[in-house]
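There are 2 protein chains.
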Amino acid sequence: MNRIFNFCAGPAALPTAVLERAGAELADWHGKGMSIMEMSHRSKEFVGVAEKAEQDLRDLMLIPDNYKVLFMQGGASSQFAMVPMNLLRGKSTADYINTGQWSSKAIKEAKSFCTVNVVASTEGNNFTSAPSQAELKLNPDAAYVHYTPNETIGGVEFDYIPDTGDVPLVADYSSSILSEKIDVSKFGLIYAGAQKNIGPAGLCVVIVREDLLGDVVAGTPTMFDYKVAADNASMYNTPPTYSWYLAGLVFAWLKEQGGVEGMAEINKRKADRLYSFIDANDFYANPVAKNNRSRMNVPFTLADDALDTVFLEESEQAGLMNLAGYRSVGGMRASIYNAVPEEGVDALIAFMADFAKRHG
Amino acid sequence: MNRIFNFCAGPAALPTAVLERAGAELADWHGKGMSIMEMSHRSKEFVGVAEKAEQDLRDLMLIPDNYKVLFMQGGASSQFAMVPMNLLRGKSTADYINTGQWSSKAIKEAKSFCTVNVVASTEGNNFTSAPSQAELKLNPDAAYVHYTPNETIGGVEFDYIPDTGDVPLVADYSSSILSEKIDVSKFGLIYAGAQKNIGPAGLCVVIVREDLLGDVVAGTPTMFDYKVAADNASMYNTPPTYSWYLAGLVFAWLKEQGGVEGMAEINKRKADRLYSFIDANDFYANPVAKNNRSRMNVPFTLADDALDTVFLEESEQAGLMNLAGYRSVGGMRASIYNAVPEEGVDALIAFMADFAKRHG
Numbered sequence: 001m002n003r004i005f006n007f008c009a010g011p012a013a014l015p016t017a018v019l020e021r022a023g024a025e026l027a028d029w030h031g032k033g034m035s036i037m038e039m040s041h042r043s044k045e046f047v048g049v050a051e052k053a054e055q056d057l058r059d060l061m062l063i064p065d066n067y068k069v070l071f072m073q074g075g076a077s078s079q080f081a082m083v084p085m086n087l088l089r090g091k092s093t094a095d096y097i098n099t100g101q102w103s104s105k106a107i108k109e110a111k112s113f114c115t116v117n118v119v120a121s122t123e124g125n126n127f128t129s130a131p132s133q134a135e136l137k138l139n140p141d142a143a144y145v146h147y148t149p150n151e152t153i154g155g156v157e158f159d160y161i162p163d164t165g166d167v168p169l170v171a172d173y174s175s176s177i178l179s180e181k182i183d184v185s186k187f188g189l190i191y192a193g194a195q196k197n198i199g200p201a202g203l204c205v206v207i208v209r210e211d212l213l214g215d216v217v218a219g220t221p222t223m224f225d226y227k228v229a230a231d232n233a234s235m236y237n238t239p240p241t242y243s244w245y246l247a248g249l250v251f252a253w254l255k256e257q258g259g260v261e262g263m264a265e266i267n268k269r270k271a272d273r274l275y276s277f278i279d280a281n282d283f284y285a286n287p288v289a290k291n292n293r294s295r296m297n298v299p300f301t302l303a304d305d306a307l308d309t310v311f312l313e314e315s316e317q318a319g320l321m322n323l324a325g326y327r328s329v330g331g332m333r334a335s336i337y338n339a340v341p342e343e344g345v346d347a348l349i350a351f352m353a354d355f356a357k358r359h360g
Numbered sequence: 001m002n003r004i005f006n007f008c009a010g011p012a013a014l015p016t017a018v019l020e021r022a023g024a025e026l027a028d029w030h031g032k033g034m035s036i037m038e039m040s041h042r043s044k045e046f047v048g049v050a051e052k053a054e055q056d057l058r059d060l061m062l063i064p065d066n067y068k069v070l071f072m073q074g075g076a077s078s079q080f081a082m083v084p085m086n087l088l089r090g091k092s093t094a095d096y097i098n099t100g101q102w103s104s105k106a107i108k109e110a111k112s113f114c115t116v117n118v119v120a121s122t123e124g125n126n127f128t129s130a131p132s133q134a135e136l137k138l139n140p141d142a143a144y145v146h147y148t149p150n151e152t153i154g155g156v157e158f159d160y161i162p163d164t165g166d167v168p169l170v171a172d173y174s175s176s177i178l179s180e181k182i183d184v185s186k187f188g189l190i191y192a193g194a195q196k197n198i199g200p201a202g203l204c205v206v207i208v209r210e211d212l213l214g215d216v217v218a219g220t221p222t223m224f225d226y227k228v229a230a231d232n233a234s235m236y237n238t239p240p241t242y243s244w245y246l247a248g249l250v251f252a253w254l255k256e257q258g259g260v261e262g263m264a265e266i267n268k269r270k271a272d273r274l275y276s277f278i279d280a281n282d283f284y285a286n287p288v289a290k291n292n293r294s295r296m297n298v299p300f301t302l303a304d305d306a307l308d309t310v311f312l313e314e315s316e317q318a319g320l321m322n323l324a325g326y327r328s329v330g331g332m333r334a335s336i337y338n339a340v341p342e343e344g345v346d347a348l349i350a351f352m353a354d355f356a357k358r359h360g
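Chains D and Y, in that order, are what the protein sequence lines are.
Position one of the first sequence corresponds to residue 1 (the UniProt record's numbering), numbered consecutively onward.
Position one of the second sequence corresponds to residue 1 (the UniProt record's numbering), numbered consecutively onward.
Hint data in this document are derived by calculation from the structure and do not stem from the laboratory.
There could be a bad hint or two in this list.
The list makes no distinction among identical chains, and a pair is therefore deemed to hold if it is satisfied within one copy or across any two copies.
Said to hold, decoys possible - Straight-line alpha carbon distances no greater than 27 Å define the calculated DSS-like cross-link-like pairs of lysine-lysine that follow: (1) Lys-44 - Lys-105; (2) Lys-105 - Lys-227; (3) Lys-290 - Lys-137; (4) Lys-44 - Lys-137; (5) Lys-108 - Lys-52; (6) Lys-186 - Lys-290; (7) Lys-227 - Lys-108; (8) Lys-227 - Lys-111; (9) Lys-108 - Lys-357; (10) Lys-290 - Lys-227; (11) Lys-268 - Lys-186; (12) Lys-255 - Lys-91; (13) Lys-111 - Lys-91; (14) Lys-186 - Lys-227; (15) Lys-105 - Lys-137; (16) Lys-227 - Lys-357.
Could you put together the complete structure from these sequences and hints?
So, in structure tokens, the structure goes:
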């Protein structure tokens with residue numbers, strides 16, 4: 001089978017082993033004579049798949065027992081509304097940290113539901129860093145504090161988990177969940193669109209502390225109520241069963257790779273190698289503060305942006321796909337999620353070195 | 001390959017040809033070296049898949065140009081909220097027809113947003129019929145009229161499209177879309193969860209008349225605004241790309257089968273044969289008024305419900321899967337959507353005849 005290296009920011013590369021297994025059993029799952037996607041979500045077969053996926057995720061992330069894991073729809077963009085609708089709980093303000101395009105979108109949506117206090121923003125340096133703990137002007141009366149641990153577009157990652165005291169911390173972990181070990185107990189709620197490090201688009205994982213469930217704002221759709229999802233084991237209505245199944249295959253694969261700790265080592269090697277190469281080569285540049293460089297999304301520019309098109313054409317010919325930067329940003333971006341192997345990063349670096357030699 | 005006959009109400013059977021093709025190209029789509037689910041939703045490859053799916057659906061249903069087709073998430077249960085949030089447009093009441101469990105759920109959700117007038121209900125006969133046009137007590141000031149053309153659980157189907165004059169007609173077509181030709185121009189909005197006649201769970205198709213877009217109620221999440229979805233070609237955020245692709249394969253398959261007209265003939269033969277058998281055999285019964293019997297979902301009871309468990313065990317052994325009735329209803333239900341072939345219905349009838357002979 002022909003398989004290239006895919007640096008897409010999302011929907012992103014999935015492990016080849018997962019895709020091969022999914023393809024082989026697509027039309028006849030485990031000899032049952034039907035696809036897993038043709039089975040009732042309430043069948044013992046699918047419930048088994050669903051429960052194993054949740055348990056594997058709990059094992060991988062060491063999720064404490066007082067947290068619910070929800071398998072929802074609508075992507076992180078739906079969470080931007082669900083978070084205030086569920087977590088305001090009678091309060092009228094929430095704190096948000098602004099580190100780029102995704103936190104800005106979360107802020108904009110939250111403003112429909114409450115007063116948003118932007119307690120730190122790195123807009124002044126064009127979102128090329130994350131604020132330090134000391135820079136956060138937190139409000140003790142906020143319903144929660146929201147931040148984006150990894151900004152997919154700017155390639156900016158927090159190198160610490162904010163301490164918000166008794167105020168629940170909410171994190172959009174879409175682009176870095178499962179890439180390293182985190183202490184879930186420090187969070188009130190974590191959410192992550194699946195299409196980067198979990199599985200296919202159309203699934204969104206929510207991990208929420210039980211005591212935060214219930215008491216939504218008036219006019220919240222039933223489907224946006226975390227408590228309804230939790231009380232029904234994410235099956236209030238038909239969940240996205242095939243995406244859930246695929247996420248389960250990815251979780252099982254992650255366990256085989258040494259879990260999140262194993263992936264974290266590989267991810268660190270991949271990112272260190274790529275950033276070291278960029279820093280050592282005058283033809284390429286990355287603008288992000290060194291301690292906030294994303295291990296998942298590596299934006300870089302060429303010394304001459306007139307060469308961008310040539311770079312993209314030649315890299316595609318070399319089997320290195322989807323290196324264009326975000327449409328509103330330009331330049332290049334290599335997303336090196338869990339499923340992008342070290343060989344992919346090595347091949348990218350070799351291509352970049354050769355390209356700089358020929359065009360630099 | 002081992003393939004059985006699957007009578008599940010949803011997630012439901014998909015065409016074997018579609019599943020075989022999807023399996024074969026899962027890890028390497030059209031020689032591109034990656035899965036379609038690993039591609040950016042903004043890539044020319046996926047946009048091509050998405051646009052072809054929409055065009056094929058437009059061709060199949062003869063959707064007029066002044067209707068938008070949206071590929072959304074969250075199932076019909078999300079539509080229960082989206083419909084009032086989008087279509088009230090300054091009005092405060094909506095008309096609902098109650099013909100069973102799904103219309104009841106739609107009514108319950110709508111009550112969070114407006115005054116609901118139930119303009120007809122068949123609860124009095126335990127939801128075993130649909131009201132006639134003359135029985136609808138429509139309000140000319142209603143923002144819209146909502147009904148459920150086919151009730152999946154009760155197996156009750158309207159044999160006409162209600163005439164609501166200038167008031168937009170809204171239909172939850174989840175379980176009968178694409179099963180016969182309908183005149184889309186009679187509707188303001190049609191929605192359908194995919195997992196019965198379209199594709200896998202996690203996708204919901206919405207067909208909406210353009211002049212109804214815009215002007216949502218305050219506090220509507222951006223992701224629940226049809227106009228945002230329409231203005232962004234269903235890509236305001238990452239759509240459920242793999243489900244959209246599979247829906248496209250189903251639409252292409254439907255065209256090969258003679259389109260909706262071709263399927264309608266087959267569906268009529270399947271339903272007629274099964275109901276005729278039930279009516280002719282004292283061991284089985286279906287309670288629904290003859291003119292409202294669903295062509296998609298055929299509930300039936302055995303003369304002795306103590307035999308239900310045996311019936312389910314023996315039918316499974318015969319490769320006839322998922323014949324149990326809805327969990328709160330009991331009895332049996334054979335869902336015979338587009339993807340269930342005529343041979344499946346013939347095999348079911350043969351089994352039922354033999355079972356009645358042995359146990360009747």
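>> For Lys-44 and Lys-105, with the copy left unspecified, which applies at a CA distance of at most 27 Å: within, between, both, or neither?
In response: Classified as between: cross-chain Cα gap 25 Å, same-chain 39 Å, threshold 27 Å.
> Are the CA atoms of Lys-111 and Lys-91 at most 27 Å apart within a copy, between copies, both, or neither?
Replying inline: both (14 Å within a copy, 25 Å between copies)
>> Within a copy, between copies, both or neither: which one fits Lys-268 and Lys-186 at a CA-CA cutoff of 27 Å?
In response: within (23 Å within a copy, 58 Å between copies)
> Is the C-alpha distance from Lys-227 to Lys-357 at most 27 Å within one copy, between copies, in both cases, or in neither?
Replying inline: neither (57 Å within a copy, 49 Å between copies)
> Is it within, between, both, or neither for Lys-290 and Lys-137, if the alpha carbons may be no more than 27 Å apart?
Replying inline: Within one copy only: 23 Å inside, 69 Å across.
> Should Lys-44 paired with Lys-137 be assigned to within, between, both, or neither, using CA atoms and 27 Å as the limit?
Replying inline: neither (50 Å within a copy, 44 Å between copies)
>> Reference check for the pair Lys-227 and Lys-108, CA-CA at most 27 Å: within, between, both, or neither?
In response: both (24 Å within a copy, 18 Å between copies)
> Under a CA distance limit of 27 Å, which applies to Lys-108 and Lys-52: within one copy, between copies, both, or neither?
Replying inline: Neither: 36 Å inside a copy, 33 Å across copies.
> Between copies, within a copy, both or neither: which fits Lys-290 and Lys-227 at Cα up to 27 Å?
Replying inline: neither (40 Å within a copy, 41 Å between copies)
> With identical chains treated as interchangeable, where does the CA-CA distance between Lys-186 and Lys-227 reach 27 Å or less: within a copy, between copies, both, or neither?
Replying inline: Within one copy only: 21 Å inside, 38 Å across.
> Is it within, between, both, or neither for Lys-105 and Lys-137, if the alpha carbons may be no more than 27 Å apart?
Replying inline: within (20 Å within a copy, 45 Å between copies)
> Is it within, between, both or neither when you check Lys-255 against Lys-91 at 27 Å Cα-Cα?
Replying inline: The answer is neither: 40 Å in one copy and 54 Å across copies each exceed 27 Å.
Consistency with the previously given hints fails for numbers 4, 5, 9, 10, 12 and 16, ordered from lowest to highest.
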